[in-house]
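Undergrad: Chain residues, written in single-letter form:
2 protein chains.
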Amino acid sequence: MNIELVTIGTELLLGMTLDSNGAEIARALAAQGVRVTRRTSVADRPDEIREAVSGALHRSGAVLTTGGLGPTRDDVTKKVIADLYQVPLEFDASVWANLVERFARLERKPPESNRSQAEVPRGGLVLRNRWGTAPGLWLEGQLGLTIMLPGVPGEMRKLLEHEVVPRLRARASGAVIRSLLVRTSGIAESALAERLGNIEQEVDPLTVAYLPSVAGVDLRLSAWELAPDEADRRLRSAANLVRSRAGESVYGEGDIDLASLVLEEARSLGLRLAVAESCTGGLVGARLTEIPGSSDVFLGGVIGYDDGVKRELLNVPEPLLQEHGAVSEAVARVMAEGVARRLHADVAVSVTGIAGPGGGSDAKPVGTIWIACTLRNVTEARRLRLAGNRHEIRARAAQAALHLLYRQLHGLANR
Amino acid sequence: MNIELVTIGTELLLGMTLDSNGAEIARALAAQGVRVTRRTSVADRPDEIREAVSGALHRSGAVLTTGGLGPTRDDVTKKVIADLYQVPLEFDASVWANLVERFARLERKPPESNRSQAEVPRGGLVLRNRWGTAPGLWLEGQLGLTIMLPGVPGEMRKLLEHEVVPRLRARASGAVIRSLLVRTSGIAESALAERLGNIEQEVDPLTVAYLPSVAGVDLRLSAWELAPDEADRRLRSAANLVRSRAGESVYGEGDIDLASLVLEEARSLGLRLAVAESCTGGLVGARLTEIPGSSDVFLGGVIGYDDGVKRELLNVPEPLLQEHGAVSEAVARVMAEGVARRLHADVAVSVTGIAGPGGGSDAKPVGTIWIACTLRNVTEARRLRLAGNRHEIRARAAQAALHLLYRQLHGLANR
Numbered sequence: 001m002n003i004e005l006v007t008i009g010t011e012l013l014l015g016m017t018l019d020s021n022g023a024e025i026a027r028a029l030a031a032q033g034v035r036v037t038r039r040t041s042v043a044d045r046p047d048e049i050r051e052a053v054s055g056a057l058h059r060s061g062a063v064l065t066t067g068g069l070g071p072t073r074d075d076v077t078k079k080v081i082a083d084l085y086q087v088p089l090e091f092d093a094s095v096w097a098n099l100v101e102r103f104a105r106l107e108r109k110p111p112e113s114n115r116s117q118a119e120v121p122r123g124g125l126v127l128r129n130r131w132g133t134a135p136g137l138w139l140e141g142q143l144g145l146t147i148m149l150p151g152v153p154g155e156m157r158k159l160l161e162h163e164v165v166p167r168l169r170a171r172a173s174g175a176v177i178r179s180l181l182v183r184t185s186g187i188a189e190s191a192l193a194e195r196l197g198n199i200e201q202e203v204d205p206l207t208v209a210y211l212p213s214v215a216g217v218d219l220r221l222s223a224w225e226l227a228p229d230e231a232d233r234r235l236r237s238a239a240n241l242v243r244s245r246a247g248e249s250v251y252g253e254g255d256i257d258l259a260s261l262v263l264e265e266a267r268s269l270g271l272r273l274a275v276a277e278s279c280t281g282g283l284v285g286a287r288l289t290e291i292p293g294s295s296d297v298f299l300g301g302v303i304g305y306d307d308g309v310k311r312e313l314l315n316v317p318e319p320l321l322q323e324h325g326a327v328s329e330a331v332a333r334v335m336a337e338g339v340a341r342r343l344h345a346d347v348a349v350s351v352t353g354i355a356g357p358g359g360g361s362d363a364k365p366v367g368t369i370w371i372a373c374t375l376r377n378v379t380e381a382r383r384l385r386l387a388g389n390r391h392e393i394r395a396r397a398a399q400a401a402l403h404l405l406y407r408q409l410h411g412l413a414n415r
Numbered sequence: 001m002n003i004e005l006v007t008i009g010t011e012l013l014l015g016m017t018l019d020s021n022g023a024e025i026a027r028a029l030a031a032q033g034v035r036v037t038r039r040t041s042v043a044d045r046p047d048e049i050r051e052a053v054s055g056a057l058h059r060s061g062a063v064l065t066t067g068g069l070g071p072t073r074d075d076v077t078k079k080v081i082a083d084l085y086q087v088p089l090e091f092d093a094s095v096w097a098n099l100v101e102r103f104a105r106l107e108r109k110p111p112e113s114n115r116s117q118a119e120v121p122r123g124g125l126v127l128r129n130r131w132g133t134a135p136g137l138w139l140e141g142q143l144g145l146t147i148m149l150p151g152v153p154g155e156m157r158k159l160l161e162h163e164v165v166p167r168l169r170a171r172a173s174g175a176v177i178r179s180l181l182v183r184t185s186g187i188a189e190s191a192l193a194e195r196l197g198n199i200e201q202e203v204d205p206l207t208v209a210y211l212p213s214v215a216g217v218d219l220r221l222s223a224w225e226l227a228p229d230e231a232d233r234r235l236r237s238a239a240n241l242v243r244s245r246a247g248e249s250v251y252g253e254g255d256i257d258l259a260s261l262v263l264e265e266a267r268s269l270g271l272r273l274a275v276a277e278s279c280t281g282g283l284v285g286a287r288l289t290e291i292p293g294s295s296d297v298f299l300g301g302v303i304g305y306d307d308g309v310k311r312e313l314l315n316v317p318e319p320l321l322q323e324h325g326a327v328s329e330a331v332a333r334v335m336a337e338g339v340a341r342r343l344h345a346d347v348a349v350s351v352t353g354i355a356g357p358g359g360g361s362d363a364k365p366v367g368t369i370w371i372a373c374t375l376r377n378v379t380e381a382r383r384l385r386l387a388g389n390r391h392e393i394r395a396r397a398a399q400a401a402l403h404l405l406y407r408q409l410h411g412l413a414n415r
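Just so you know, the sequences run in chain order A and B. The opening position of the first sequence corresponds to residue 1 in my numbering, with each subsequent residue numbered one higher. The opening position of the second sequence corresponds to residue 1 in my numbering, with each subsequent residue numbered one higher.
Calculated directly from the structure, the hints in this document are not laboratory data. Just so it is clear, CB atoms sit at the ideal spot from N, CA and C, and this is done for glycine as well. A portion of the hints provided could be inaccurate.
Said to hold, decoys possible - Here chain A is said to cover these stretches of chain B; the calculated rule only asks that three of the stretch's residues, wherever they fall, bring their Cβ under 8 angstroms from a Cβ of chain A:
1. 6-16
2. 233-244
3. 333-347
Same shape as in the complex, but just chain A:
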């Protein structure tokens, strides 16, 4: 079953509100095997609503609208859709009774302007709203199915869950749309695409979306309109194929944070962790301590932004800074080893680099980063050349440091 969403509200066109309703509905429907084929946002204007709803019904035979059901002047959805279906609006005494009762509980009476909320297109089914004043409506006719929900997120959500999803589930064929996110770090989108090749067709048909961000490139594998077991099986085998081709770049699946994987590995090995940060200025520590329960593994660290702090707190020798510069393999190594010693940590990671926009040179352009990880007296260092603005370079450097830490710990755990 296909459906389109039409979210109604001038604020959506001014960009002052994110269309979170649309995203939430799309997720809920996909989980039921209902495929959202288009999302449209229009202003609270009758002609624009009419054109959008009519186009959606023409293309997909079903539409779900949000917004425009309240008592105010700009709430016109119901009237427009009734006209489109060529049915009159009729006063529904039971809806009005519910409204009166609702106001009575707050020791008030509904104002006359609320009477319009009790009007229902002839033939429409009222989706009772126990969480607000505007009921939802379910209207079927020659044009197809139109579901109208209020725009207030809390009310929309409840009506969706209690009134819409059960009805759609009964209609849908049992087929679902399922997705699986495979997370990678340290590899560019194009390089990843070359390694993976055409996995969309290789196993069983599914779609692959590349989602690059500062955390790395995520792959969303989606299986469409299948029985749940079959969808899961295809996703599993495609994910395994991705892992076998992308190797160490894959750090996990689903909505996980690399920082929590690092903490888990360290915890299972009984190791305590420290950080020494220059250009990231506390970002790696912040990522690790964002995870609840990090205090049993993470000791703390030194933000050695100034070279004086690197010397005094991280024991980086002045001659080393003079000879190699603060952004160098030698300094990254000593920073990691220095913080591990100073904090009595078993494992430590360091970051030093040029986040820009200033500070770059021909030899060390903006985006040049050294990271190092010391674990049981063995120190591994990596040089990175990161793209982006200051924010992106720092976020990517922090992610790369966590990734190095994870690989070292994971390697030790599986040895």
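Given chain A, put chain B in place with the hints provided.
TA: Quick look at chain B alone, frame taken from chain A:
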């Protein structure tokens, strides 16, 4: 001038991504007096893109698309739109040269799959992307105007600002919708609303939106469809009224970061800065170092997550920890003073608290935070009781620490 937005990406229809690009573009265009009349999201499928773009051009004569310009298989926007305009795609050597140069800076070569990114519809103007690989395109013809931007938010934003907005501004008529953001911290939305009263009607009509976030409560003042000068005048007088009523809670206007205000004040006073962080784990340092040029003011800090680190690196005496606990006024004060001494800083801020979800008690529930600021041998401390989950409590604590730092520095500067 009217325009429609078409955001392209199957992930938008699965509800897995919020359409934040669409909201951001709508805001930027409204500010130029360009009216967004519809937003549509469609899948990465040629027929759906074609139908959406063609409908938008038919209705509004102008459309801005995002997404589908990358090098991977699912990126088809350019081809579909060239077909719609009945023009061929042509290889553009200068776009390719930019791409090669961009990869060269990262010491890599672009893979063959990137060649498609150098293809341009005949007659199209290339909007050079200095922030990523996919250039934007500006195509005009009998069908109207189509602007294509990449879907990656950072790149979209830069191209919008530098390439699209100036061109549209030149076209648009005189009336604008302008907004001004007044930023507050340390005051609840309801308390702020009481202090402000009905300023929407008091001066000249404008609208006020309260936007609470972990950074504080922002106020968006908006003046609608006015000549630019009149809009600015109204916003200015309303902002002054807000400042006179909300006092010290207001720290600035517009898209500024409290961290950059802190750095500016310290810089103008010639003071050098350090941080000592427990529950924020590096977040305050990360906020400060996110600002370009922070290195002339910010020395670094100590992440004293574990009490051992507090003792050894911040000189917090063990008896103090025993008597008062790590989350206490006494420990917060000693942490700030300790890090200032250790790093030879003129001013330092500390944070210690219980971010949850565990670790709370009746006496010190989750959300209890102590912050302290030491400046020229005077230390000020504050206790906070913050609401929210772990992430929110930490972000609010970091913001409160920066706000305390800012008020102390600002007070000294104006003494």
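Undergrad: A separate judgement is required for each hint: does it hold in the structure or not?
TA: Cross-check of the supplied hints:
1. Counting residues of the region 6-16 of chain B whose beta carbon lies closer than 8 angstroms to any beta carbon of chain A gives 8, which reaches the threshold of three, so the coverage claim holds.
2. With a threshold of 8 angstroms between beta carbons, the proposed coverage of the region 233-244 of chain B by chain A is violated, since 0 of its residues qualify and at least three are required.
3. Chain A is given as covering the region 333-347 of chain B, and this holds because 3 residues of the stretch bring a CB closer than 8 angstroms to a CB of that chain, at least three being needed.
Of the numbered hints listed earlier, the single one contradicted by the structure is hint 2.
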